[in-house]
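For this one, chain A is given, so just place chains B, C, D, E and F with the ligands on it according to the hints.
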Amino acid sequence: MCLGIPGQVKEIYDMNGIRMGKVDFNGIVKDVCLAYLPDITVGDYTIVHVGFAITRLDEQSALETLALFQSIGLLDEELRSNAAEEEAA
Amino acid sequence: MCLGIPGQVKEIYDMNGIRMGKVDFNGIVKDVCLAYLPDITVGDYTIVHVGFAITRLDEQSALETLALFQSIGLLDEELRSNAAEEEAA
Amino acid sequence: MSEGLNFEGWSCPLPLRDHPNIVMGHGGGGKLSAELVEHLFLPAFADSGAVDMGDAALIAVGGAHLAFSTDSFVVRPLFFPGGNIGELAVNGTINDIAMRGAQPLVLSAGFILEEGLPLDQLAAIAHSMGVAARRAGVTLVAGDTKVVDRGHGDGVYINTSGFGIVPEGIDIGPTRAQPGDAIIVSGTIGDHGIAILSVREGLEFGATVESDTAPLNGLVADLLDETRNIHVLRDPTRGGVASALNEIARASQVGIVIDERNLPVQDAVRAACELLGMDPLYVANEGKLIAIAPASDAERLLARMRAHPLGRQAAIIGRVTADHPGLVAARTGIGGTRIVDMMVGEQLPRIC
Amino acid sequence: MSEGLNFEGWSCPLPLRDHPNIVMGHGGGGKLSAELVEHLFLPAFADSGAVDMGDAALIAVGGAHLAFSTDSFVVRPLFFPGGNIGELAVNGTINDIAMRGAQPLVLSAGFILEEGLPLDQLAAIAHSMGVAARRAGVTLVAGDTKVVDRGHGDGVYINTSGFGIVPEGIDIGPTRAQPGDAIIVSGTIGDHGIAILSVREGLEFGATVESDTAPLNGLVADLLDETRNIHVLRDPTRGGVASALNEIARASQVGIVIDERNLPVQDAVRAACELLGMDPLYVANEGKLIAIAPASDAERLLARMRAHPLGRQAAIIGRVTADHPGLVAARTGIGGTRIVDMMVGEQLPRIC
Amino acid sequence: MKYLDEYRDPDLAQRLFAEIRRITTRPWAIMEVCGGQTHSIIRNGIDQLLPEAIELIHGPGCPVCVTPLEIIDKALAIASRPNVIFCSFGDMLRVPGSAKDLFRVKSEGGDVRVVYSPLDAVRLAQQHPDREVVFFGIGFETTAPANAMAVLQAHRLGLRNFSMLVSHVLVPPAISAIMESPTNRVQGFLAAGHVCSVMGTWQYRPLVERYHVPIVVTGFEPLDVLEGIRRVVLQLEAGRAELDNAYERAVRPEGNVAAQQVLSEVFEVTDRAWRGIGVIPQSGWRLRNAYRAYDAEARFAVGDIQTRESPICRSGEVLQGMLKPNQCPAFGKECTPRTPLGATMVSSEGACAAYYQYGRFIKAEEVGVAR
Amino acid sequence: MKYLDEYRDPDLAQRLFAEIRRITTRPWAIMEVCGGQTHSIIRNGIDQLLPEAIELIHGPGCPVCVTPLEIIDKALAIASRPNVIFCSFGDMLRVPGSAKDLFRVKSEGGDVRVVYSPLDAVRLAQQHPDREVVFFGIGFETTAPANAMAVLQAHRLGLRNFSMLVSHVLVPPAISAIMESPTNRVQGFLAAGHVCSVMGTWQYRPLVERYHVPIVVTGFEPLDVLEGIRRVVLQLEAGRAELDNAYERAVRPEGNVAAQQVLSEVFEVTDRAWRGIGVIPQSGWRLRNAYRAYDAEARFAVGDIQTRESPICRSGEVLQGMLKPNQCPAFGKECTPRTPLGATMVSSEGACAAYYQYGRFIKAEEVGVAR
Ligand code: SF4
Ligand code: SF4
Ligand SMILES: [Mg+2]
Ligand SMILES: [Mg+2]
Ligand SMILES: [Mg+2]
Ligand SMILES: [Mg+2]
Ligand SMILES: [Mg+2]
Ligand SMILES: [Mg+2]
Ligand SMILES: [Mg+2]
Ligand SMILES: [Mg+2]
Ligand SMILES: [Mg+2]
Ligand SMILES: [Mg+2]
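Residue numbers (the working numbering), protein chains in the order written: chain A, 5 to 93; chain B, 5 to 93; chain C, 596 to 947; chain D, 596 to 947; chain E, 335 to 705; chain F, 335 to 705.
Extracted from the complex, chain A is given alone in its bound form (with noise of 0.2 Å):
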């Protein structure tokens, strides 16, 4: 359920008492309710699900898994490689 697409925040502004913003999906700017995330500031992104952001996107976080993706990708290779070397061997 629930498809949420990150994207980057442009502008911020006020609607009928209502905060707004413009928010950047890789080319395609839609105007977003921005009421739940009042901390959010231009330049950060965000999950959007039906025209609301939900969360801010933690880049430290999104690096820290990415790095781990790798080094398990590492890992595997290290093992790969070593199961590569006991057939060979």
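Just so you know, the hints here were simulated from the structure itself, not pulled from any lab data.
Quick caveat: nothing in here was measured; it's all calculated off a predicted structure.
Backbone N, C-alpha and C fix where the C-beta goes; we use that ideal spot for every residue, glycine too.
Please note that a few of the clues may not be correct.
Covered, in the sense of this in silico footprint (three residues per stretch, anywhere, with C-beta under 8 Å from a C-beta of chain F), are these stretches of chain D [as the list claims (entries may be wrong)]: (1) 619-629; (2) 935-941.
Computed, partial: chain C to chain B, Cβ under 8 Å [claimed, not checked]: (3) T803; (4) R865; (5) L870; (6) G872; (7) P920; (8) G928; (9) R945.
From the structure, some residues in chain F lie toward chain A, with a derived Cβ separation under 8 Å [to be verified]: (10) L350; (11) R447; (12) Y450; (13) Q487; (14) L493; (15) H528; (16) S531; (17) E582; (18) R583; (19) A584.
For chains B, C, D, E and F with the ligands alone, coordinates are given in the frame of chain A:
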């Protein structure tokens, strides 16, 4: 003004308390308000204007008028033949 | 903003300016329709070719000549006495092709369906189209279906387009009427228009008039078999015989005189016209043609028409003159004369 | 009552029965559209010929072969980034003709105008049609205009029909894909559909995507100049590349495998699809073609495509297999496999 | 059709033409009051076949033509309202108001419908209880009973969403106004047969006596019109001025008494402006107070709409018989049925349109049709 | 796109597959709760590339699928009313009620509109003050804040013509229900990342403890899903049952507090029926009394609509992970996306549709695509 077409009453009926009739115009049958002709009966001819029968056509008068036209014609033809005779004379 | 959205550059040529929007009359087959073509479409399409004034355009392909035509059908109601929109759409384009003397070959059918249209109605319409195509010996070879939101259509709109082959040596077109030609109509006029009116909301009368919708290619083939010396053929659809004759008079720069006493009109059609204050000369036909040919051939053609089931009530209704080019006149029932002009928009019921 | 009004006789064949009325999906270019053709139109038109599965029907006229096609255009809005309905209508039929390898010759234009349409909009549309026709070297030769009551149309509907000549020795059609053939697409996919969505009411985003509407006859001529050995050409319009490939797989009774990683998709189109939960494979194109040809010729054709302004981003996206005939499979980004089925109705924005 | 075809007989027509030629010794100017008669005259080419001495002057008897511009503008304003279904006879749709016509209003989204009878509008009001249905109640005495019945019927049915924009006009005051005009040239009248079917002939006797002018009640078919002309000429040549009835099959001296009763129940006489002519006292009908609830003008508060007529158009003079349509400088140039400047160019009954449509500026000789 | 493309990297995916293969020693049944994850799994062919030992069970996490038939029928009834503009997310339009779907209602004249956001429906209510605008408020905890804000906004704007047909469902009670089921086979859960973005992760700790089941909060891209699976398998292989977060870039332990505040302002917890499953206590949200004025069910008096589900459809078992879609006898025969018998065949998120669309009954080998 006041396009009025002769038609023959084929049927008389009541619609919400209004006297109505089916009137035949040479094969085209139309529902017509007969409220203004309380005495008209099936078989009579009437003049219809914007869906209302406004007068009963009087066959006797119609025949008299046509007879008059014929007599004018005859008179005229007599005159012409007189004139032709005169010329010939 | 894209260039397409910039209307400022375009200036609306008179005499269209007095109608800044499309009104119903622009589709009525009369003067407004003609002005739209002349002042808007022709200039826009100009360098790409020309929209043919006739029923179908002539295209040279290799050695052959093809007559190519299109028409959209938006008739209401979809089903009417004597036919339905599908039959009408097939016959309509067949007839436009036949009016160039061509034998129709293939048709396309483009449907614009309104969301909510009952499928059984669509099936009945498609069935009629198949029957009509077989009757005329043409093949429905290409199709397309679009659906529009409910409230943005009217059940079914159908476009038919198609082409046929013009036999060698045939040259029939609206510019070819010549003084001395006779004008023949293939049967009673006004049947289709009155059949449609007879079931339209608010204007109902006993439905004794049936649409004359029919394919005329067989009749045309018979006429061409009789003589190839036919100058003009025309199916007097929207705008009726009056508009068709006006278009021919202008295209050929000739005068036309018809005798109202010779116009074949069904009794019920005449009665309906009287009742509504309409003139049968302006009422649409969908299975009749006007043939214009040298007077010397007129009686032969008339006899040949009357021998065909679709031409039994054919009549010679007038002649082409060198006088008053571009004008159509009618000799009236009592021997007077009147001008038969083109309609402006649609013919409306009159009260007075 | 006329025979046309009797629906009782007709029985709606399954699987249409579950939709007693036309729904939007019947025009969506997916399964519902196909069923309407298969179960309703084809049986009705059957004895009169057949509605061709391809973009255009082939007609033998004398010695020549003509490709004849029709399409109606009901796009909203009338003006959209990168074009308008008029340009689309001209290019659309040109492309269908070109997909048989034919050089388009003439077009007809049938307008259904809604009462109240501003004339300046109509003029802008007509102007674009003239420009588009000249660009492609075709002639607008026949026209028709109908006007429907306000509230019974949607501004402008346009039907274009037309034909072109198939050069001697060319045999291109949806039934000709063969195992071992390569599948090439001429550029980025989904541009038109997303450009339209980008301006539709309620789903507006910054309009950076433009419709790709363009005439493909020039590109096709280049490809045929490179090699006549092309088996299938197809413009993936409604229903997108996925529906076009499914139709080909069924018509040719072959399997098709594409590699999703090779699909050219603009960044903004990809983003819009992510946002709406759509798949670019199902989004409409109006200036792209799919070419299917022996793998041995694929690189030459690709190079020739890329040399043409309308093919700069062409890519080989898959191949034809003898396995799983009638099915289209895709290798996914991470190396998995999925079935690429035909759409049922229209693609809808998803929330989840 | 019975009672039509007999009166179109070409041979009898020729005899009547000959008879008229025979009895006419000097020029006479005769006005056919009714637009329907004008239509019949032009459509059949009667005027071309009459002796030169007989000049037919086309009268103000086309309701479409004489409906004041101000009322048209009010109709356009009401028809433009979002919740209104505006019903009209077909010929009113092309009548130009100051800036547009009902066709234009329709193309701009107004719900404008053509009805054949005012009772159709009442039925629409029943079918659409959530909409305001307004009927454009124009016409002469012939149409008034139908419109009165529609009001009565709406009243009986308790329809609160039905109203009528009333602009009825009356023939006798118009004849008075013409005879009173200092520039008047009319020497005899063909009275309108269908008006007299409803109202009888008695209303015309005072006019005959006051102005010493022959008035012959006349029908609409060619023979009827010719007979009307013949009888007027007979009187004129004899110096007589009498009320005569040449349409006896349809007109009784007392008229349609049932209709007259309903008319006086629903309507009352009022001053009325005629397009191109001006206000003629006591020349129209409006709704009585008891039925004022059905008055669309009050319901939609269009009372303060005021409009000037086109300065170029000379339809007023045409309607008064002071000018033939083709004598108007705009005729066939700025003003055609396609671009009407005045109402007389709009209705096919209108004198200008009838001239344009059937006679235009060319004469029968120029058309070259053998007689 | 940043934060998307990195998580679709095919090489890293192969490494994760390899790692999962490496650590998996025996069969495990893991449920991805969320339909979005099901979609991602099938669309990317993840299940085909996983070791045989890992069985993915598709959970009840597609809001379109679990919305009860009765609510659909109420929606259809409301949408059929003449004065209603019925607004819905696109994927609800094809969900079959007892007799039809919203597409059919639209084709029959209902004014049904697809909106992207509930605020679009509020705007429509402003634009059409004379119409009743009803929004179909379905979804899990991710969608609820948007719907709550729409109600608040309508309230602020004083819109009396806006209402919402609310059928919100909650994830944790569904997990409880699955674990409580006597036939349950699920050994570990991928929790729905976006739900947790809003609600935080704390709600899941009691479930982990009560049922001793690993729960890993998981994202939606292929690498996210694989990482979630890897972490569940790691726990299962080690005999651990912990709450873990594999979607840290988007999910904080406390969730979105601002959203939670608005949710508890507008909604209150209620028992809720799940389509194909039955009533799960305390598993949904409804409008609080203070906002009951915006409750479409009350406004349109559809309370007494009651409906039975299709007897053939086994979507209940599918939703509970007791049956794979292609094990249902109707799958691909009576039941296809073209003719869906159950809601799980309707939404492309639905387990049956996802199987049909992307996997159908043929295996990848049969398709013959080289790996
Ligand atoms: S011709 Fe036109 S401008 Fe002249 S009087 Fe007649 S309506 Fe008026
Ligand atoms: S395949 Fe169809 S019938 Fe079977 S469980 Fe799924 S939705 Fe229900
Ligand atoms: Mg024609
Ligand atoms: Mg045509
Ligand atoms: Mg028939
Ligand atoms: Mg035609
Ligand atoms: Mg098509
Ligand atoms: Mg195509
Ligand atoms: Mg086509
Ligand atoms: Mg462009
Ligand atoms: Mg096409
Ligand atoms: Mg045409």
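Evaluation of the provided hints:
1. With a cut-off of 8 Å between beta carbons, the region 619-629 of chain D has 4 residues touching chain F; three or more are needed, and the interface restraint holds.
2. Given as covered by chain F, the region 935-941 of chain D passes the check, having 3 residues with a CB less than 8 Å from a CB of that chain where 3 are the minimum.
3. The beta carbon of T803 (chain C) comes within 5 Å of a beta carbon in chain B, closer than 8 Å, and the hint placing it at the interface holds.
4. Here the hint on R865 (chain C) is kept, as its CB sits about 7 Å from the closest CB of chain B, short of 8 Å.
5. Taking 8 Å as the C-beta contact cut-off toward chain B, the hint placing L870 (chain C) at the interface holds, the least distance being around 5 Å.
6. Against a cut-off of 8 Å between C-beta atoms, the interface hint on G872 (chain C) holds, since the closest Cβ of chain B lies about 5 Å away.
7. Interface hint at P920 (chain C): violated, since its Cβ lies 34 Å from the closest Cβ of chain B, which is beyond the 8 Å cut-off.
8. Interface restraint check for G928 (chain C): the shortest CB-CB distance to chain B comes to about 15 Å, outside 8 Å, so the restraint is violated.
9. About 6 Å separates the beta-carbon of R945 (chain C) from the nearest beta-carbon of chain B, less than 8 Å, and the hint is met.
10. With a cut of 8 Å, the hint placing L350 (chain F) at the interface with chain A holds, because the nearest CB-to-CB distance is about 6 Å.
11. Below 8 Å, beta-carbon pairs count as interface contacts, and R447 (chain F) has none with chain A, the closest being about 15 Å; its hint is therefore violated.
12. The closest approach between the C-beta of Y450 (chain F) and any C-beta of chain A is roughly 6 Å, which is under the 8 Å cut-off, so the hint is satisfied.
13. This hint holds: Q487 (chain F) has a C-beta 7 Å from the nearest C-beta of chain A, less than the 8 Å allowed.
14. Hint status for L493 (chain F): violated, given a least beta-carbon distance of 12 Å to chain A, over 8 Å.
15. A distance limit of 8 Å between C-beta atoms decides the matter here; for H528 (chain F) the minimum to chain A is near 4 Å, and the interface restraint holds.
16. At its closest, the beta carbon of S531 (chain F) sits 4 Å from a beta carbon of chain A; the interface hint therefore holds under the 8 Å criterion.
17. Hint on E582 (chain F) holds. Least Cβ distance to chain A is approximately 4 Å, under the 8 Å limit.
18. A distance limit of 8 Å between C-beta atoms decides the matter here; for R583 (chain F) the minimum to chain A is near 4 Å, and the interface restraint holds.
19. Annotation: interface hint on A584 (chain F) holds; nearest CB of chain A at approximately 5 Å, less than 8 Å.
The earlier numbered hints that this structure contradicts are 7, 8, 11 and 14.
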